[in-house]
Amino acid sequence: MSYRSIVWVLALILLVPIAVFLIYAFAQGWFFPALWPERWDRALFLRQLADPQLRRAFGQSLVIATGVSGLALMLGYPAARVLELQAFRGRGLIYGLFFLPTVVPSVATGIGLNIVFLRLGLAGTLFGVMLVHLIPVLPYVVLTLGSSLARYDRNYELQAAVLGASPWFVFWRVSVPMLLPSLVVAGVLAFLISWSQYVLSLLIGGGQIITLPMLLFSAASGGNQSLIASLSLIFIAPLLLLLGLVARYLGSPATGATPRP
Amino acid sequence: MSYLQIEQLTKSYAKQTILQNINLNLNQGEFLALLGPSGSGKSTILKLLAGIEAPDAGEIRLAGHLLNPVAAHQREIVLLFQQPYLFPFLSVAENIGFGLKARKVAKKLIAQKVAELLDLIELSGMEQRKPQQLSGGQQQRIALARALAVQPKVLLLDEPLSSLDPEIRGSLQGVIARLHRELQMTTIIVTHDLSEALALAERTALLINGSLVADLPSIELFERPPNRAAAQFVGVGAIIAGHMHGTTFDSKLGQFNGNFGPNTFHVAIRPEHIQINNSALQPSIAAQIIERRYLGERWEYRLQAAEQLIVVREAGQAPRDIGQTVDLHFPPQQLFALAD
Chain P
1 MSYRSIVWVL ALILLVPIAV FLIYAFAQGW FFPALWPERW DRALFLRQLA
51 DPQLRRAFGQ SLVIATGVSG LALMLGYPAA RVLELQAFRG RGLIYGLFFL
101 PTVVPSVATG IGLNIVFLRL GLAGTLFGVM LVHLIPVLPY VVLTLGSSLA
151 RYDRNYELQA AVLGASPWFV FWRVSVPMLL PSLVVAGVLA FLISWSQYVL
201 SLLIGGGQII TLPMLLFSAA SGGNQSLIAS LSLIFIAPLL LLLGLVARYL
251 GSPATGATPR P
Chain E
1 MSYLQIEQLT KSYAKQTILQ NINLNLNQGE FLALLGPSGS GKSTILKLLA
51 GIEAPDAGEI RLAGHLLNPV AAHQREIVLL FQQPYLFPFL SVAENIGFGL
101 KARKVAKKLI AQKVAELLDL IELSGMEQRK PQQLSGGQQQ RIALARALAV
151 QPKVLLLDEP LSSLDPEIRG SLQGVIARLH RELQMTTIIV THDLSEALAL
201 AERTALLING SLVADLPSIE LFERPPNRAA AQFVGVGAII AGHMHGTTFD
251 SKLGQFNGNF GPNTFHVAIR PEHIQINNSA LQPSIAAQII ERRYLGERWE
301 YRLQAAEQLI VVREAGQAPR DIGQTVDLHF PPQQLFALAD
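Those protein sequence lines, which keep their order, are chains P and E.
Using the working numbering, read the first sequence as starting at 1 and increasing by one per residue.
Using the working numbering, read the second sequence as starting at 1 and increasing by one per residue.
For lysine to any residue, the following SDA-like pairs were computed, each having C-alpha atoms within a straight-line distance of at most 20 Å:
{"hint": "1", "chain 1": "E", "residue 1": "K47", "chain 2": "P", "residue 2": "Q86"}
{"hint": "2", "chain 1": "E", "residue 1": "K107", "chain 2": "P", "residue 2": "W172"}
{"hint": "3", "chain 1": "E", "residue 1": "K101", "chain 2": "P", "residue 2": "F169"}
{"hint": "4", "chain 1": "E", "residue 1": "K130", "chain 2": "P", "residue 2": "L180"}
{"hint": "5", "chain 1": "E", "residue 1": "K15", "chain 2": "P", "residue 2": "F88"}
{"hint": "6", "chain 1": "E", "residue 1": "K104", "chain 2": "P", "residue 2": "W172"}
Just so you know, these hints were derived from the structure itself, not from any lab.
Model the full structure from these sequences, guided by the hints.
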């Protein structure tokens, strides 16, 4: 099978569910023997969009995922830098520890942390939910940044320093542009993972913080297919928008090189 | 007092000594070559001077001020690496102006300075190009302009020409020499190439295994290396072992008269100063030609006499045959003593 046909098959696998959501979200009076819905109606979808509870959940999810991306980059960048650019004893072990959250079930960490967060007064707060999202998010951020730092030539930074650039200037004017593609990819990954968190948000949010996946989950157990489909569309829309915006960085592997304009 | 003073500089990595008690002084505007084989520690000296690495011991002073505690970006010493390291996300003009922007110089002034420097390195009109669109030689010239833009107090060049084609290397040597003449910037160039040191620097310091073995005017280092290590690096016709007997030097090759000190155990001569089959001169030493190669303008012969290897370079002439035995003559005024 040629490369091109593989791409088409993959695209189809990814696009078909979205098409199904679209059909279910806008179909009206679609009963068994009919091959096609009787009529199309935007009313349910628009009602969903106008629902204050959904708007609130959408906003909170957005704030959480954006905050988690920012926090994950702020914590993940220095971690990846030290792990990739410095040689020290126990480096492999620490790298391994960073990946532990990907194997430990989040229910286990969530329940344990729930008690700790209650004591710290972080349970039921937006910040608490952001912090707990960092657990599944950080490994991917460190891995993404680490793999591009492994091929990163620090001499660009040293060259900038001897030319008179302060460490802050070097960071913003050299390191960030050099590593931009992988910073973008890591940030997007962090956003995606945080956006679709359910268990951890539920355990730490304690019913005070309602995110989009929670609404989706309760709708899914309700069984109203039109409702599930419109909520799903609302759920994936920002992700598609985000991926579209950063598409030019996703194509180039995280080499630390900037894409040509 | 010297402008740049390096005292007792010592550095080691993982218990391996890279530099040992280096002392060097430079006057303002001087051009010094730091010569040595790879791994001799010459690049490390530049890194310590630029402040991107810290010495284990020793002091660096610039115009009397101790530099050790000063951060790299505040030293006003610019190091140019072997690779140009132009920032790929910036245009040529932005690259040259980088150091000025870091110093918060006004945009208008930066543009003016960039145009001036592009003119100086003869690359005017390239402002908006990206580094990837330039040849290796052009990139290195832009890197040089970027370093000069901040008017460093000392310019350090770490084999900036070694990755370029010989032809471009020659023309860039010319550019560097001209810029030094015009700007009179205190400069140190690191090189493993003796001819580069001779072409560019009035003074050469020779570094071998982390120690300074010579620090002399470049021509003198070439013509009269002061000790065995230096003689081996720059290449001589023969290093002859022996001892002094009164005012003559006794060796397996015979006796030599010359102006040698009482504790001379080695003497040397340059390969182009040894003469072949000149019957007018005495004494002569019989030697057999074991190898020859043409260097262009000169033939180089390797000969053997009394288990001693001798290299002779002779101008012009039809080549002499391998296996042939010839008479060698060492003019006494060309022999010089080597310290150990």
